[in-house]
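Asker: Taken in order, these protein sequences are the chains called A and B.
Sequential numbering of the first sequence, starting at 1, is according to the working numbering.
Sequential numbering of the second sequence, starting at 150, is according to the working numbering.
Quick caveat, the hints were computed from the structure, so don't treat them as lab data.
Cβ coordinates follow ideal geometry from the N, Cα and C atoms, glycine included.
Any given hint might turn out to be false.
As the list claims (entries may be wrong) - Computed cross-link-like contacts, DSSO-like style, restricted to lysine-lysine with a CA-CA straight-line distance of at most 30 Å:
| id | chain 1 | residue 1 | chain 2 | residue 2 |
| --- | --- | --- | --- | --- |
| 1 | B | 224 | B | 272 |
| 2 | A | 46 | B | 189 |
| 3 | B | 272 | A | 14 |
| 4 | A | 14 | B | 277 |
| 5 | A | 140 | B | 277 |
| 6 | A | 140 | B | 192 |
| 7 | B | 224 | B | 192 |
| 8 | B | 272 | B | 189 |
| 9 | A | 46 | A | 140 |
| 10 | A | 14 | A | 46 |
| 11 | A | 14 | A | 140 |
| 12 | B | 212 | B | 192 |
| 13 | A | 46 | B | 272 |
Unchecked claim - Residues from chain A shown here face chain B by an in silico Cβ test under 10 Å; the list is partial:
| id | residue |
| --- | --- |
| 14 | 27 |
| 15 | 34 |
| 16 | 41 |
| 17 | 114 |
| 18 | 116 |
| 19 | 139 |
| 20 | 143 |
| 21 | 146 |
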Amino acid sequence: MIANLTSELDFQAKALVVRAERQRLIASNIANADTPGYIGRDIDFKQAMGNAMGSAASSNALSPSASTSPNDGTSHARHIPLQSTLGSLSTDGSPALAYTLQTQPAMDGNSVDMDRERASFVDNAIHYEATLRFINGSAKTILSAIQGQ
Amino acid sequence: MSMFSIFNVSGSAISSQAQRLNVVASNLANADAVAGPDGKGYKARQVVFETVPMGSEASAGVKVSGIQESQEALKRVFNPSHPSADTDGYVTQSNVNPVEEMVNMISASRSYQNNVEVMNTAKTLLLKTLQMGQ
């Protein structure tokens, strides 16, 4: 019975952890926007959530539509594809991260696109806040159910 | 875990960008400096950034790994009336290019602002997290 009450809370809590992790990643990317040779990192939220929930959805989440790695960075049959395994937060909380691709190649090998990172940062912040509100809403719902008023 | 390390990451970036701004300031200040009697003029300096891991794989800070001097030739200006002019009438000046330095300055200040904004957002989110369930 109690599990029914808290299962949604559990889901939102995991989503919050993934969002916080992604926020940290994007902050690192923005911090390293001027570092030569730095390759941006990112996690695919869908897959990270799948891993966090321990469902089988994680294997097919790595479809070609995965937002962070449209083509593994390969342009030839003999290229070794870029590692695009993403966000397994389930076990020790340390995700396997993907690398962002260069949109506009830079002389110093830095792959951070500041426009994209700023957009992702704001997007992620809003999603984080939304998740927080969902948690607050669920908590209020549970409380009023307990009190029966 | 947790977003607290954003402050470390962005803080390291801010201090690195501030150092870059410092170097730009000293370059601009010495743009017209004249070489002394030994012929050694001021050479433009550049900071070199380096990624430094902070705790986990997910957080990567920045540090200034070194400061490099420009290897360009020093400027030589014909000015026989100058007290530091050599026998041919040339004065040796620093090799600072003010245009490059201004561009560098704008880039550094924008990066600084970006990181300040990141910290502000992280602070807002953490404050809201603290109020969870209220």
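Asker: Given the hint that residue 224 of chain B pairs with residue 192 of chain B, does the C-alpha gap stay at or below 30 Å?
Answerer: Holds, at roughly 10 Å.
Asker: Next pair to validate is residue 14 of chain A with residue 46 of chain A; report whether the Cα-Cα distance is within 30 Å.
Answerer: holds (12 Å)
Asker: Can the restraint linking residue 272 of chain B and residue 189 of chain B be considered satisfied, given a maximum Cα separation of 30 Å?
Answerer: violated (48 Å)
Asker: Classify the hint on residue 41 of chain A as holds or violated, based on whether any CB of chain B lies nearer than 10 Å to its CB.
Answerer: holds (7 Å)
Asker: A closest beta-carbon separation below 10 Å is what the hint needs, so does residue 114 of chain A meet it against chain B?
Answerer: Holds, because the Cβ-Cβ distance from residue 114 of chain A to chain B comes to roughly 7 Å (cut-off 10 Å).
Asker: Would you mind confirming whether the straight-line C-alpha gap from residue 46 of chain A to residue 272 of chain B stays at or under 30 Å?
Answerer: holds (25 Å)
Asker: Going straight from one Cα to the other, do residue 140 of chain A and residue 277 of chain B come out at no more than 30 Å?
Answerer: Satisfied, since the Cα-Cα distance of roughly 16 Å is no more than 30 Å.
Asker: Hey, residue 14 of chain A versus residue 140 of chain A, does the alpha-carbon distance stay inside 30 Å?
Answerer: Holds, because 19 Å separates the two Cα atoms, which is no more than 30 Å.
Asker: Given the hint that residue 224 of chain B pairs with residue 272 of chain B, test it: the Cα-Cα distance must not exceed 30 Å.
Answerer: Not OK: residue 224 of chain B and residue 272 of chain B at ~48 Å, beyond 30 Å, violated.
Asker: Grab the minimum C-beta distance from residue 143 of chain A to chain B and call the hint holds if it beats 10 Å, violated otherwise.
Answerer: Holds: closest Cβ of chain B sits about 9 Å from residue 143 of chain A, inside 10 Å.
Asker: Residue 140 of chain A and residue 192 of chain B: Cα distance at most 30 Å?
Answerer: violated (65 Å)
Asker: Are residue 139 of chain A and chain B close enough, Cβ to Cβ, to be under 10 Å, as the hint says?
Answerer: holds (5 Å)
Hint compliance for this structure: hints 1, 2, 6, 8, 18 and 21 are broken, all remaining hints hold.
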